[in-house]
Amino acid sequence: MTQHTRFRRRALSLLAVVAAGALSACGAPAADAPSAGFPPEIRVMVNNDQTGPAGFAGQALNKGITLAVEQANSAGLFGGSRLVMDFQDAAGDPQSAVRITRTAVSDKRYTAMIGPIRSVEQLPTVPLVQNGKLPTLLSEPNAAGLNVGDYTFLAGAPITSYFDVMHGYLTSAGAKRIAVITDDLPSDLPIGDIAEKWNGVDGTAVTTRVTVSRDSQDYTAQIAQIVRSQPDAVVNVVTSAAGAALISQLRQGGFTGRIVGIEATTSAMLRTAGPAATGFTFPTRFSVLSSAAPSTADFTAAFTARFPGETPDAYAASGYDATQWLIKGLQKSGTATRDDLQRALTAVASTGFSGAQGQITFVGREMRVSATVLQWDGTKNILATDRR
Amino acid sequence: MVQDVLNAMSLASIYLLFATGMGLVWGTTGILNFAHGSLFLSSIYITHVVAQHLTVSIFGALVIAMLVGAALAVLLYACGFGVILRRVQDRSSAELQLLMAGIGFDGLLVALIAHNTLSEPFGLSETTFRTSTYEFLGAYVTDIRIGVILLAVALTAAIGIWVRKARSGLAMRAIGVDPETSALMGVNRGRMTLGVMAVSGALGGLAGVFLVYVSASVVPTSGTNLLIKGFAIIVLGGVGSMLGVVVGAVTLGVAETVINTYTSGSWVNAVAFGLIFLVLLLRPQGLFGRTEVRRV
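From first to last, the protein sequence lines stand for chains A and B. As numbered in the numbering used here, residues 39 to 426 make up the first sequence, in order. As numbered in the numbering used here, residues 69 to 364 make up the second sequence, in order.
Hints were generated in silico from the structure; no laboratory data involved. Certain hints may be false.
[Said to hold, decoys possible] Now the in silico label distances, taken between C-beta atoms and shown as ranges:
1. B:Ala146 - A:Gln133: 34 to 44 Å
2. A:Lys235 - B:Leu205: 33 to 43 Å
3. B:Leu176 - A:Gln133: 45 to 55 Å
4. B:Leu164 - A:Asp131: 51 to 61 Å
5. B:Gly150 - A:Gly187: 54 to 64 Å
6. B:Phe204 - A:Asp124: 31 to 41 Å
7. B:Leu311 - A:Asn185: 48 to 58 Å
8. B:Gly150 - A:Gln133: 45 to 55 Å
9. B:Leu343 - A:Lys146: 45 to 55 Å
10. A:Gln133 - B:Gln165: 23 to 33 Å
11. B:Arg154 - A:Lys171: 52 to 62 Å
12. B:Ala146 - A:Thr294: 47 to 57 Å
13. A:Ala182 - B:Ser200: 40 to 50 Å
14. B:Cys147 - A:Pro77: 30 to 40 Å
[Claimed, not checked] Which residues of chain A face chain B? A partial, calculated answer using Cβ under 10 Å:
15. Ile232
16. Ser305
17. Ala335
In this text, a Cβ means the ideal position worked out from N, Cα and C, and glycines have one as well.
Between the sequences and the hints, there should be enough to build the whole structure, so can you do that?
Below, the structure written as structure tokens:
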């Protein structure tokens, strides 16, 4: 072997190390050597609704998942093995979500499961995955009672963990008297509880709290009750058509103060509420407008390259980060067995990582992120407060 | 108090516009149209799509929604209900098939709209109409709410008079009482039923536009939620009675407003439907329904 050849080999080795390091810095861990611990296909069940009431969220989540999986497979993170996602659609039906979960639990080829999305689907499935010892990552864990055991991983920051940011926002805006509107969904009630606890803190007074039914079309009776309590601001955690109706009818009922809400309030909903929704403000785990974390910009660039013409939303970012947690767990475990993955996911949670949603930390097996506050200007969301 | 009365009246008017079309078909042709909710929904959706591409005023929106509702109702009769009624000799055995045809048509339309909208809310904010709010005796009321109350009263009265006094209205009622004899008396049953279906669909479209202007938006399941309420209103008032539909709508509207004002909103359906259940225990034929007599 000549000196020239040795130099070329050393240079190539150095280049490979630098390339691997660069890949790690971008959030994707370095490629490992082929591992005997992985089967040819590492199968994961994805139990996110693609149709039904949460279909829009599920489709965005699945795009984030797809991007993370494609990045991992193209980087060869599992040696000769490939990570394969089996996308199923429960269409918002709790029974279908349970059926898909039973399949994932009983079929030992599945290493883990991601989803479901809605609290009415999640609550009956978490005891099943715990009993079946199937590591399950819930990317939208907003209901109480989901953390039932060490096989459930709350792979999305619950809104209750960051909704307090809105109290600071309202206080700084001079809104002292606050009314609260919730519906009776298990995911929405805890958010109303948080807002109600602001009563007496930093001079805030909660004037009234009303619960509405999503099945109604007319909320003027509740609106009249709210207006009579003379609040400066209304916290409306009701989304979808009922949320738009509440915003619109609040303005029709003579309310002129601030209206704040939650991340699940989509642009489509705000658009249907028309001019009444202008100024609506809400906290979110992810926004392309945030410049606080480089990893957010990396994700946005990768997403728009993979899905041309589309802008990632909080659901896509959440799906991406949940899958990053899974990928890091698989790499750490070195096998696709459920018990090893459960331990590895717990270990990853103890250190945290940088993801689409910025710096991700954990409390036990629950994800935490810091929130960005957005405001609807009548046609699009603008940045009100960037995450710290 | 004024606010509560206005709220109850506007809610009852929306229910009335929706239930009148449904009750008209049920009371005259005997067809319980379970697709009425999706006719209502489709009218809003098509109007929403048109308004995204063209400048549409409130009157334009009403015309589009009524035409779409009428066309879909006629299509449903021509391709579904009419075919079943022609093939089945015994009317009672056709009832279940008619019910299933309605549910099937409803499922198809709702699925198409859910697919196109990803189940996200949609409305008519693209039209040129903007709601104005007025203060009246310390209460807030919008122009659209005044409009819906006036229209519901006028339209229901007109339909009531037409069904009772006009020749075509009498012919329509005759179909509901005895289709065979009415056909022998020269009533064109097929054409008359098509007409009733078209009016019913148009009323669904009308209710849809007003509801969206009142509540901002709908989702693909909105029609189903309203269908259950429409069904309850007709049963409470008594099938075939226009006055019954009015009383049923007002009862449900007032009950919901009172419950929403003085209790948690999650009790609305339980108390409102519990009230209807109690009334039906005492009067199974509904408040203004005829007692059915069977000769043996």
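Problem set entry | Interface hint outcome for alanine 335 (chain A) [beta carbon to chain B under 10 Å] | Nearest chain B Cβ about 27 Å off; hint violated.
Exercise. Is the gap between the beta carbons of cysteine 147 (chain B) and proline 77 (chain A) within 30 to 40 Å?
Worked result: With Cβ atoms ~52 Å apart, the hint is violated.
For this session: Note whether the CB distance of glutamine 133 (chain A) and glutamine 165 (chain B) lies within 23 to 33 Å or breaks it.
Result: holds, 27 Å
Problem set entry | C-beta pair leucine 343 (chain B), lysine 146 (chain A): status relative to the range 45 to 55 Å that was hinted | holds, 53 Å
For this session: Look at the Cβ atoms of alanine 182 (chain A) and serine 200 (chain B) and judge whether their distance stays inside 40 to 50 Å.
Result: Holds, at about 43 Å.
For this session: With 31 to 41 Å as the target window, see if phenylalanine 204 (chain B) and aspartate 124 (chain A) comply at their CB atoms.
Result: Violated, since phenylalanine 204 (chain B) and aspartate 124 (chain A) (Cβ atoms, about 59 Å apart) do not stay within the stated range.
For this session: Could you tell me whether the CB distance from glycine 150 (chain B) to glycine 187 (chain A) stays inside 54 to 64 Å?
Result: holds, 57 Å
Problem set entry | Hint check for lysine 171 (chain A) and arginine 154 (chain B) - Cβ pair distance inside 52 to 62 Å | Holds - the Cβ-Cβ distance for arginine 154 (chain B) and lysine 171 (chain A), about 59 Å, lies within 52 to 62 Å.
Problem set entry | leucine 311 (chain B) paired with asparagine 185 (chain A), Cβ distance criterion 48 to 58 Å | Holds - the Cβ-Cβ distance for leucine 311 (chain B) and asparagine 185 (chain A), about 56 Å, lies within 48 to 58 Å.
For this session: Could you check the hint for me, namely that leucine 176 (chain B) and glutamine 133 (chain A) are 45 to 55 Å apart, CB to CB?
Result: Since leucine 176 (chain B) and glutamine 133 (chain A) have Cβ atoms about 22 Å apart, the given range 45 to 55 Å is violated.
For this session: Starting from the hint 33 to 43 Å, judge whether the C-beta atoms of lysine 235 (chain A) and leucine 205 (chain B) obey it.
Result: Taking Cβ atoms as reference, lysine 235 (chain A) and leucine 205 (chain B) lie about 37 Å apart, which means the hint holds.
Exercise. Per the CB criterion, is isoleucine 232 (chain A) less than 10 Å away from chain B?
Worked result: At about 18 Å, which exceeds the 10 Å cut-off, the nearest Cβ of chain B leaves the hint on isoleucine 232 (chain A) violated.
Consistency note: the structure conflicts with the earlier hints numbered 3, 4, 6, 8, 14, 15, 17.
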